[in-house]
Amino acid sequence: DAMVIQNPRYQVTQFGKPVTLSCSQTLNHNVMYWYQQKSSQAPKLLFHYYDKDFNNEADTPDNFQSRRPNTSFCFLDIRSPGLGDAAMYLCATSRDPGDRGGNQPQHFGDGTRLSIL
Amino acid sequence: QKEVEQDPGPLSVPEGAIVSLNCTYSNSAFQYFMWYRQYSRKGPELLMYTYSSGNKEDGRFTAQVDKSSKYISLFIRDSQPSDSATYLCAMSVQGAQKLVFGQGTRLTINP
Chain A
1 DAMVIQNPRY QVTQFGKPVT LSCSQTLNHN VMYWYQQKSS QAPKLLFHYY DKDFNNEADT
61 PDNFQSRRPN TSFCFLDIRS PGLGDAAMYL CATSRDPGDR GGNQPQHFGD GTRLSIL
Chain B
118 QKEVEQDPGP LSVPEGAIVS LNCTYSNSAF QYFMWYRQYS RKGPELLMYT YSSGNKEDGR
178 FTAQVDKSSK YISLFIRDSQ PSDSATYLCA MSVQGAQKLV FGQGTRLTIN P
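Protein sequences appear in the order of chains A and B. Numbering of the first sequence is given in our numbering, commencing with residue 1 and proceeding in unit increments. Numbering of the second sequence is given in our numbering, commencing with residue 118 and proceeding in unit increments.
It should be emphasised that the hints constitute simulated quantities derived from the structure, not laboratory data. Please note that a few of the clues may not be correct.
Claimed, not checked - From the derived model, a few chain A residues whose C-beta atoms are all more than 12 angstroms from chain B:
(1) K44
(2) H48
(3) N63
(4) D85
(5) C91
(6) N103
What the hints assert, rightly or not - Derived DSS-like pairs (lysine-lysine); straight-line CA-CA distance at most 27 angstroms:
(7) B:K173 x A:K38
(8) A:K17 x B:K184
(9) B:K159 x A:K44
(10) B:K119 x A:K38
(11) B:K159 x B:K184
(12) B:K119 x A:K52
(13) A:K38 x B:K215
(14) A:K17 x B:K187
(15) B:K215 x B:K159
(16) B:K119 x A:K44
(17) B:K215 x B:K173
(18) B:K184 x A:K44
(19) B:K215 x A:K17
(20) B:K184 x B:K119
We put the beta carbon where it would ideally sit given N, CA and C, even for glycine.
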């Protein structure tokens, strides 16, 4: 089945130690998203890629970076994690709305739960 | 005021009941409306996707959009224990892929 796969499912890191989360997709979608979701809260968009074009949300901290080396893979880098960055990080993908004349639904992976010691 | 309001619950109903989940919103530019189901420790799973006003049915699930009232609903018929999850509404503006989510309603179906 075509899917969005996130690795690892659980990640523990130390305060201030850089960490990288990964996402891969077999849907061949050209838009990829990273969300942060804290307990009992709605997912919050951090940034997204239209192909190679990076789109950052205005309120995303500089501590969060992303890389997309090819269509299938996208990485979330947290340069110096703080205690407030403990959360579930969700990757999602969608088709380009321009290809089909309207917004396209987003499909999510199962997330990486990040803990900070 | 949040752009999308959703009662967080928790909501607990007996098996077989009809469940009604709702969201209200303030931005009249929203055109695309979605419902996602999220099980514990899993990612959101797309249940329903609708454009503009009207109803959409898929099995036991019915989504309704009333743009004049800025109100959307998800109905679950013949609810099952496996429907126990958090339900998130989400919406977006035409041409903008950014989703604005409600807080999510935690639903429990009791056998």
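Structure-based check of all given hints:
no., hint, in the structure
1, K44, "8 angstroms, violated"
2, H48, "7 angstroms, violated"
3, N63, "21 angstroms, holds"
4, D85, "18 angstroms, holds"
5, C91, "8 angstroms, violated"
6, N103, "5 angstroms, violated"
7, B:K173 x A:K38, "30 angstroms, violated"
8, A:K17 x B:K184, "47 angstroms, violated"
9, B:K159 x A:K44, "16 angstroms, holds"
10, B:K119 x A:K38, "17 angstroms, holds"
11, B:K159 x B:K184, "31 angstroms, violated"
12, B:K119 x A:K52, "32 angstroms, violated"
13, A:K38 x B:K215, "18 angstroms, holds"
14, A:K17 x B:K187, "45 angstroms, violated"
15, B:K215 x B:K159, "21 angstroms, holds"
16, B:K119 x A:K44, "13 angstroms, holds"
17, B:K215 x B:K173, "22 angstroms, holds"
18, B:K184 x A:K44, "24 angstroms, holds"
19, B:K215 x A:K17, "30 angstroms, violated"
20, B:K184 x B:K119, "17 angstroms, holds"
Hint compliance for this structure: hints 1, 2, 5, 6, 7, 8, 11, 12, 14 and 19 are not met, and every other hint is.
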